[in-house]
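J.: Chains A and B, in that order, give the protein sequences.
Numbered per numbering that gives the first Met the number 0, the first sequence spans residues 0 to 142.
Numbered per numbering that gives the first Met the number 0, the second sequence spans residues 0 to 291.
Bear in mind the hints are in silico, worked out from the structure with no lab data behind them.
Hints are not guaranteed to be accurate.
[To be verified] Derived DSBU-like pairs: lysine-lysine, alpha-carbon spacing no greater than 35 Å straight-line:
1. Lys142/A <-> Lys177/B
2. Lys35/B <-> Lys122/B
3. Lys105/A <-> Lys226/B
4. Lys105/A <-> Lys265/B
5. Lys101/B <-> Lys35/B
6. Lys91/B <-> Lys62/B
7. Lys101/B <-> Lys88/A
8. Lys91/B <-> Lys141/B
9. Lys141/B <-> Lys142/A
10. Lys142/A <-> Lys183/B
11. Lys141/B <-> Lys122/B
12. Lys142/A <-> Lys273/B
13. Lys112/A <-> Lys177/B
14. Lys142/A <-> Lys265/B
15. Lys169/B <-> Lys112/A
16. Lys112/A <-> Lys265/B
17. Lys112/A <-> Lys273/B
18. Lys6/B <-> Lys1/A
19. Lys112/A <-> Lys183/B
20. Lys105/A <-> Lys101/B
21. Lys142/A <-> Lys122/B
22. Lys265/B <-> Lys88/A
23. Lys273/B <-> Lys105/A
24. Lys142/A <-> Lys91/B
25. Lys88/A <-> Lys183/B
26. Lys105/A <-> Lys177/B
27. Lys88/A <-> Lys226/B
28. Lys177/B <-> Lys164/B
[Stated by the list, open to error] Counterexamples of contact, computed for chain A against chain B with all Cβ distances above 10 Å:
29. Met0
30. Leu51
31. Gly54
32. Tyr55
33. Ser56
34. Ser75
35. Arg117
Don't be surprised by glycine CBs; every beta carbon is placed ideally from N, CA and C.
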Amino acid sequence: MKIVVFILLISPIFISAQTDWYRWGKANINYSSQQNLANEVPKKNVSALSVLKDGYSFFISDLDGDNCPFYPTCSSFYIESISETNIFKATLMFADRFTRDSNLFKTHEHYPKHISGRLYDPIGNYLLTDSIVVYYSREEFIK
Amino acid sequence: MVTTRLKLTAQLSTLIYLLTINSLFAQNLDNLLSDKNRIAFGNYLFCEHDYLRAIDEFDFVLKTQWDDSLQFKIATSYYRMMLFDRAYIEFKKIQVNSLLFKQSQYEQYRTLFMSNNYVLLQKVIDNSTSKSEIPLELLHLKNSSILLRDIQLPLKNGFISAFGKDDRTKISEFYDWKYDLPYKSPALATIMSAIIPGSGKIYAEEVGDGITAFLLTGLFTYLAVDKFQNNHNSSGWLYSSIAAFFYAGNVYGSATAVQNYNAGIKFNFDREVKIFINDRNQFLPTPKHLCN
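Pulled out of the complex, with its shape left as it was, chain B reads as follows (with noise of 0.2 Å):
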């Protein structure tokens, strides 16, 4: 009898015993959430593009050790969720004394370019760099930025041999297209609208417009001429109203359509200077080892 309570005990004990061990063991924290463990898992979000819980992670470990490969990623991911002004900063906290502090400031140029701040992009340029010995690579980046500006351009012939044979020629062709980029007159466009309705919107190539303005204007001027010359002034002042209604708004119209059709033309050549440049990644090296 004894001997058979003995045992029960005996189980009873071990059955606690291993019970409390598994229990404890199996939500350790604080090995989960070590910082290697987050390192690591941070590192597999940035790689599969989960960029926010990356940053988590990152910033949590940062917060006890100072790590700028960790920072580099943070700024990156920033980047690449196209939140440049934030990336811009996060990158500029890599110090000077860091392997990756030229990287950084390739990345501070690139983000400053992404985000079109061309401006700020040629000045912090000239600061880094003394004028006469501005490295290749960078000169490339600050001549075809130029391009994206709304400033005189430079000399043709000093302005493209910076860049490399390549290069020379797409670059010589996108010179030439805004030096002389096809902007249309809006001061034209208002006064071939105030001679003949209509005119001026299809001189900014809005034809259906155009055509439009002119069968209004002309419909309700026939009309109100029609109604004066048969007595009936109240229709006839009625008429008049409505077609200078449609007058006076298609003068006005065609200074706008030709506004927006400048913004247009500005638009697209844009458009293409910035696909060339990205086609060559900004003309910067780009980072490295970022996914093993």
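The shape of chain A in the complex, shown without the other chains (with noise of 0.2 Å):
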């Protein structure tokens, strides 16, 4: 009995006295990706190239292998051009960006490095408009 009194009267001063709990507690946390996948890319209105684009990607780009050298690759790069302009002049910039994916000699120290491993070549540095040209610095990753 006297144990217990005893327990009883001294466990409300530890209580009282740990007044900081609050700063131990579980802390809500999202753990989900806040960035876009690799590939993935904004769609807007190009649902039908879109399905062709999934239909290269699942038929022929996956077994293929993913060999494309740049960010985003060439067929989100000709998808995303689309849906940024028109389709004839996207289709100029595919041409540009095939040409130079083929680059015989593989001079592709002119790209910025992208977090990814691979050459970061914006859909913006292509559009014809010279004031939305961005160079990246050579020394850092992109992300």
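Hints given; two lone chains; assemble the complex.
T.: Structure follows, in structure tokens:
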């Protein structure tokens, strides 16, 4: 009985003294990725072409292997170009990109490096709009 | 028997008393989280470059009492985390009657320079002083930021005479470099590639791409001509389409290649100028006694 009374007397003191327990409360952390995956591009009104692109990815690209050295990849570049401009200009941009991809000498030092390990080659630099061309440092990895 | 019981009760009472006192004083948060302790801990975190947590501590103190040195440290923390927009807002909170007002103004200029906001920087400098009496350090910063803007340069002699003898040679070099940046013409590259496929790319110093474009266009053109000559019209049209695809893409790509080349020229110039200015601490006095 004495021991019980003793514990009852002591316990409230310990409990009330430790008032900063809220610091150790459970944190609400969201672990879901906030960034797009490597080949994911925004899709705007290009559903028919997206189907073609998905078909190409499924039947050819996935079997052939991940060979494109650029980010975004050539197929994503084309789809994104269409959504940014029109099919005619996008085809010109894609033809240029395809030629650069086929470069026989593999002189890729002209491109900045993306964090994914590919060469960063954004659509914005090929829209013929001088003011939005961005030159990226070759010493840094682009996120 | 009674003596033993009294003795036991006394011992138990002493034990309870000691435990109670110990428990109550062990976690006295009122003292632990006092403003004085928060400032001391904040200063420690600030000097250890743990800026986010330092800001938390300083902010807590500023809720109850105004302290311009804490506000200055908060702004400096944002600056050092390269959150320049926020740093500029925080530096602006320091009032005219503060001893740190002058330094906070310098830090505002420095922050604007570091965030590449040269237009606002020049406007703020002009508004803060009368044009005839701009302090020398501000004139240096203002003039050197002109080099980083896409505007017409003022006359050379007046421009470089504002700088000290040590810097004049370098600024003169930058002036000449900026005056005649070796940009290339996208129109010329387009015409070149239209005449000889790939030549526009070579002009833009993309030699590998230029040769590749020449070979691809040439190969498919040759195949198309060969098929048409042998009356294989369907194959001829197929190869013609492929040749046209590469030809048109190369003409377009030559213009964009020159645009990217020009962006590289501007980037390299700006980088050199910024390195020079940052080596001189943006020509402004640096804050002292932040970490003793």
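J.: For each hint, tell me whether it holds in the structure or not.
T.: Evaluation of the provided hints:
Pair hint Lys142/A plus Lys177/B holds up; C-alpha atoms about 31 Å apart against a cutoff of 35 Å. Only pairs whose Cα atoms come within 35 Å are accepted, and Lys35/B paired with Lys122/B is rejected, the gap being roughly 40 Å. As the CA atoms of Lys105/A and Lys226/B are separated by approximately 31 Å, the hinted pair is consistent with the 35 Å bound. About 25 Å separates the Cα atoms of Lys105/A and Lys265/B, which keeps this hinted pair within 35 Å; it holds.
Taking the CA atoms of Lys101/B and Lys35/B, the gap is about 26 Å. The hint holds against a cut of 35 Å. Annotation: proposed proximity of Lys91/B to Lys62/B holds, straight-line Cα distance about 18 Å (limit 35 Å). A hinted pair counts as satisfied when its Cα atoms are at most 35 Å apart, and Lys101/B with Lys88/A does not qualify at roughly 54 Å. Proximity of Lys91/B to Lys141/B is assessed by CA-CA distance (about 19 Å); at most 35 Å being required, the pair is judged to hold.
Proximity of Lys141/B to Lys142/A is assessed by CA-CA distance (about 33 Å); at most 35 Å being required, the pair is judged to hold. For the given pair, Lys142/A sits about 30 Å from Lys183/B by alpha-carbon distance, which is consistent with the 35 Å threshold. With a C-alpha separation of about 9 Å, the suggested pairing of Lys141/B with Lys122/B holds against the 35 Å cut-off. Between the alpha carbons of Lys142/A and Lys273/B the distance comes to roughly 23 Å, so the proposed pair stays at or under 35 Å and holds.
Pair hint Lys112/A plus Lys177/B holds up; C-alpha atoms about 28 Å apart against a cutoff of 35 Å. Straight-line distance between C-alpha atoms of Lys142/A and Lys265/B comes to about 22 Å, which keeps the hinted pair within the 35 Å bound. Distance restraint check for Lys169/B and Lys112/A: the Cα-Cα separation of roughly 32 Å lies within the 35 Å cut-off, and the hinted pair is therefore satisfied. Proposed proximity of Lys112/A and Lys265/B is supported: the alpha carbons are some 20 Å apart, at most 35 Å.
Our distance criterion of 35 Å between C-alpha atoms is met by Lys112/A and Lys273/B, whose separation comes to about 23 Å. For the hint linking Lys6/B to Lys1/A, the alpha-carbon distance of about 16 Å falls within 35 Å, and the restraint holds. For the hint pairing Lys112/A with Lys183/B, the CA-to-CA distance comes to about 25 Å; that is within 35 Å, so the pair holds. Only pairs whose Cα atoms come within 35 Å are accepted, and Lys105/A paired with Lys101/B is rejected, the gap being roughly 55 Å.
Between Lys142/A and Lys122/B, the direct Cα distance comes to roughly 33 Å. Compliance with the 35 Å bound is thereby established for this hinted pair. Between Lys265/B and Lys88/A the alpha-carbon distance is near 27 Å, which keeps this suggested pair within the 35 Å criterion. Pair hint Lys273/B plus Lys105/A holds up; C-alpha atoms about 32 Å apart against a cutoff of 35 Å. Proximity of Lys142/A to Lys91/B is assessed by CA-CA distance (about 32 Å); at most 35 Å being required, the pair is judged to hold.
A distance of roughly 23 Å separates the Cα atoms of Lys88/A and Lys183/B; the hinted pair therefore holds under the 35 Å criterion. Distance hint between Lys105/A and Lys177/B is fulfilled; the C-alpha atoms sit about 33 Å from each other, no more than 35 Å. Straight-line distance between C-alpha atoms of Lys88/A and Lys226/B comes to about 29 Å, which keeps the hinted pair within the 35 Å bound. For the given pair, Lys177/B sits about 20 Å from Lys164/B by alpha-carbon distance, which is consistent with the 35 Å threshold.
A cut-off of 10 Å between C-beta atoms confirms that Met0/A is not in contact with chain B; the least separation is 14 Å. Residue placement check: Leu51/A keeps its beta carbon more than 10 Å from all beta carbons of chain B (closest about 17 Å). Every C-beta of chain B lies more than 10 Å from that of Gly54/A, the closest at about 21 Å, which supports listing it as non-interface. Separation of Tyr55/A from chain B is adequate, the least Cβ-Cβ distance of about 17 Å exceeding the 10 Å criterion.
Remark: the non-interface label on Ser56/A is consistent with the geometry, its nearest Cβ contact in chain B lying 22 Å away (cut-off 10 Å). Once the 10 Å rule is applied to beta carbons, Ser75/A is consistent with being away from chain B; the minimum gap is 17 Å. For Arg117/A, the non-interface assignment is confirmed: its Cβ lies about 17 Å from the closest Cβ of chain B, beyond the 10 Å cut-off.
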